[in-house]
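With chain A fixed as given, assemble chains B and C onto it according to the hints.
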Amino acid sequence: MSRPANPLAGLGAVIWLAVVLVPVYVMVSVSLTRQDEALGGNALRPPHHPTLANYGTVLDNGFGHFLANTVLVAAVVVGIVLVLCVPLAYVAVRTRGVWSGGAFRLFLLGVAVPAQAVVVPLYLMITKLNLYDSLLAVALPTAAFAMPVSVLVLTGTLRDIPEELYEAMALDGASPARMLFRLVVPLARGGIGTVVVYASLQAWNGFLFPLIFTQSEDSRMLTLGLFTYVSQFGVNIPALLASVVLSGVPVFAVYLVARRTLVGGLMGAGGK
Amino acid sequence: METYSRRWFLGAGTTALVSAAGLTACGSGGPGGSDGTLTAFVYGDDAAKVQAKAVSRFNASAAARETKGSLRLEKVPGAEYPAKLRTAMGSPNAPDVFFNWGGGSIKAYREAGQIVDLTGTIAGDPVLKNGFLPSVLAAGALGGREYGIPMRGMQPVILFYNKTLFAEHGLKPPATWDQLLDNNARLKKAGITPFALGGADIWPELMWLEYLVDRIGGPEVFDRVKNGDPAGWGDPAVLKAARTVRELVDDGAFGKGFSSVAYTNGGAPAALAKGKAAMHLMGSWEYSTQLGKFPDFARGHLGWCPFPEFDGGAGDVRNVVGNPTNYWSVNTRTRNKDTALAFLRTCASQTYARELIANGDVPATANADKLLDASPSPEFARFQYRLVREAPAFTLSWDQAVDPDAATPMLTEVNKLFVGKSSPERFVAALKALK
Amino acid sequence: MSAARGAGRPHPSWALPAVLFFGFFALVPMALAFGLSFTSWNGLGEPRPAGLANWHALLTDGRLTRSLGVTVALTVVSCAFQTTAALLLGVWAAGPQRNRAVLSAVFFVPFLLSSTAVSLLFYALLDPNFGIVPGDTLGTTSGAFLALVFVGGWQFIPFHTLIYQGGARQIPEVLYQAAAIDGAGRLRRFRSITLPQLRNTAATSLVLMVVGSLTYFETVLILTQGGPGTDTAILPYLMYEAGFKAYDFGYASAIASFLVVAATALSLLLVRVTGFGAMRSTREGM
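Chains as they are written, first to last, in the UniProt record's numbering: chain A, 1 to 272; chain B, 1 to 435; chain C, 1 to 286.
Okay, chain A solo, but in the shape it has when bound:
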């Protein structure tokens, strides 16, 4: 009763529901339509002869492999970001030196720099490093550009760990490393969750790096796979939309299984 429902916001929510659902409905319905029936005039009409053939077409064209590549890159990006950023945030929060402050500020400056800006020099570097057309070529710079926001989120979380807890552990003779694993990491779980979600999203959404740094079908990632389907399927809209639907399925599965963690992680971004 203390937080009464707002009918106006409720109305807005219903409108937004339509805004979300209509495109999603068209996407699913067209993806189930036979090709000669699609583009028949009214996209809102359900298919006459529903078919899963379009999904077969997509799965036969390397979808699983592209998805596996994306998952692999996401895992590497998350790994790099956590391994590097947690110690950095720990240093930034717990020491006062010129160097640690400087390091933190360095990352702050990068917060708004879009990764796309440096794709040309990165391309030059990638070719010189002999990384062209490897998944590492995508993962390394993606991780680097996911770091600033991750550092921000982690320092925010770490700052809330009370001084008393460190003191208590120090009295037991704990080293900084032990404190990191026994105190900092467990208490920063919320922030770490946010970083995991954020960093995987960077890999999941990445498009330009896979487009420029990879070439062969072996190293094609899902976003680029979808883009490729546009020309590969010629003008096969149902198959194209089937691929779009399929690309959402794995994340939806993750969402259903780990809804609480995922939402918690995302909410954490706005935390306090």
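These are calculated hints, taken from the structure and not from any lab test. Every residue gets a Cβ at the ideal spot worked out from N, C-alpha and C, and that includes glycine. Treat the hints loosely; a few may be bogus.
Dumping the calculated PhoX-like pairs for lysine-lysine here, alpha-carbon to alpha-carbon at most 25 Å [unchecked claim]:
hint: 1; chain 1: B; residue 1: 240; chain 2: B; residue 2: 256
hint: 2; chain 1: B; residue 1: 129; chain 2: B; residue 2: 107
hint: 3; chain 1: A; residue 1: 128; chain 2: C; residue 2: 245
hint: 4; chain 1: C; residue 1: 245; chain 2: B; residue 2: 432
hint: 5; chain 1: C; residue 1: 245; chain 2: B; residue 2: 337
hint: 6; chain 1: C; residue 1: 245; chain 2: B; residue 2: 416
hint: 7; chain 1: C; residue 1: 245; chain 2: B; residue 2: 188
hint: 8; chain 1: B; residue 1: 107; chain 2: C; residue 2: 245
Chain C stretches covered by chain B per the calculated footprint, using a threshold of three residues with CB under 8 Å from any CB of chain B [unchecked claim]:
hint: 9; segment: 118-130
hint: 10; segment: 225-237
hint: 11; segment: 245-256
Just chains B and C, lined up with the frame of chain A:
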């Protein structure tokens, strides 16, 4: 001094990178490998399956054994093919053999010394020399030197129309501009958009200007531009063509929403097949597109004709624009030129021509004439072959003929003209200002 | 006490791997972009010195100012749209309605798709003949612009809604109870309690929005290709076009350098305005 420090900067940067390479380069097993397998890049659309077949046949052939090599076909996503080719060519994973459009599309590679001059090879090899239509072989040349072997069908731009709609409204395919305008008026009265146009992709818009400039001023107008003189855009024929485009747009010849219609996602072909539009100016691949997506329409209701004559124009009505064909070229840095050249020779073979024809293509080979009966649509194939063989001039698509750095701004200007962001006069002025 | 005071202070060198990695894959490329902006390079062979030619062209050919205008406009309008929608939806979703959980889950669906997938979906939906949006959306400047704003919002509003929902949940109930006792109306409570309490949440969300809207690149590439004309060519797209369509990597690098400088300035501004840079938490003063 300035130059020195800049060089130092780049040099130092590169050295740092290369030394770091040892640390980081662990997961980079490039394609090809070191086992003598060459890589071939092909535009990854539906038709690439013909090339895939050719590659596996070649790998099993005596020629592959004799030259101790084999090929691996890499299907590159279509829309960004030129960019992918460029980035790959600048990398250590460059292809040995690559698909291209000839003309401006290979100029940079020639200047960088990355494309094999095939002039001598072709002249000394009767299979290659007599295997292809001379005009098509020539269209891929640069400054009189040959760099490519034709490897796909001809792709002239053709005016397609919906025969059923035409019959219903008592229309005939337009042979002159007046007939075209007359058709338009009657179609619009019936609530039908005269021409489907995939304006979201921009390049379909370019086809209109290419044909109009040819019909109004003849092929010489664009030839001048292609040969490096941007002042050629100042020819009155270009202005007249631009004005004609504006008249068509203002008249509603392309419908109201053409900028939101795309060719690549199927909007424009569907508009023709479903009777929303009566005609469609498009490359000859439109036929196979329709056959794939709307087979009943393609077999029974799809008509085609040459682009009409423009009254008082200087261009021959038999002239064609489009892509004469696509070419295979060879990278100078290939590890096995013999294998690459042996593979290129198979493009002149009858087996390969038959496979192209079975896919609905009309190959630019000299022997194609006799094989066309095997085409899934012999009527269309013969029309196309005759159109190209009898054309006094075959103008290469402008966006492939000019330098890539001029092609992008050119397409932008074309788009501005169509959507009304630019006047015909400003359009001409902007084109003249291109490098 | 004073011995324990410095407890858990790791050696600053722990930060070194992160700094080196970020330096190599983010800062070196930024510096390299600046260096390349003084060269002429078409992607083949090695870059050649070109003096100030690229910068001269960039500052005089008018493309930069136009593109910058589009970028700023797109960012501002997107942020306004997304903030309004996310604020209302988020506060609503934090409320007690019964169907809220189900609806929140549905709202979340667009966010599960990648930007590429979303762009491809709307590419099909905007076809005037066969999609669900009549008229020439992408053929007019305002239509194409609003399409980008909408598509970006469609995908990212779910995310920001969650952020606001999280923020709204943490507003202490007592505040509302006190206001109710004072007889404050619904609008009044929203204005004087909800909004001020969400200030930090809004700051976070806004930072992520601004950063995100600079990455509309694939939406532009797939949906509008910068058109009609160059009316939706945002800076990252302009850079891509110069680099990977015209192969003028020197000019593209000049755009990139400008983008880096502008984005860094923006970062500074955001950090200052939102107080993110306040390294020392309140605890430090205790």
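Hint check results:
Distance hint between residue 240 of chain B and residue 256 of chain B is fulfilled; the C-alpha atoms sit about 23 Å from each other, no more than 25 Å. Proposed proximity of residue 129 of chain B and residue 107 of chain B is supported: the alpha carbons are some 23 Å apart, at most 25 Å. The suggested pairing of residue 128 of chain A with residue 245 of chain C holds, with an alpha-carbon distance near 22 Å, which does not exceed 25 Å. For the suggested pair residue 245 of chain C and residue 432 of chain B, the alpha carbons sit about 20 Å apart, so the restraint of at most 25 Å is met.
Taking the CA atoms of residue 245 of chain C and residue 337 of chain B, the gap is about 29 Å. The hint is violated against a cut of 25 Å. Note on residue 245 of chain C and residue 416 of chain B: the hinted pairing holds, with a Cα-Cα distance of about 18 Å set against a maximum of 25 Å. This hinted pair does not check out: residue 245 of chain C and residue 188 of chain B have alpha carbons roughly 38 Å apart, beyond 25 Å. With a CA separation close to 15 Å, the supplied pair residue 107 of chain B and residue 245 of chain C stays within the 25 Å bound.
Only residues whose C-beta sits within less than 8 Å of a C-beta in chain B count toward coverage, and the segment 118-130 of chain C has 7 of them, enough to reach three; the restraint holds. Given as covered by chain B, the segment 225-237 of chain C passes the check, having 7 residues with a CB less than 8 Å from a CB of that chain where 3 are the minimum. Counting residues of the segment 245-256 of chain C whose CB lies closer than 8 Å to any CB of chain B gives 4, which reaches the minimum of 3, so the coverage claim holds.
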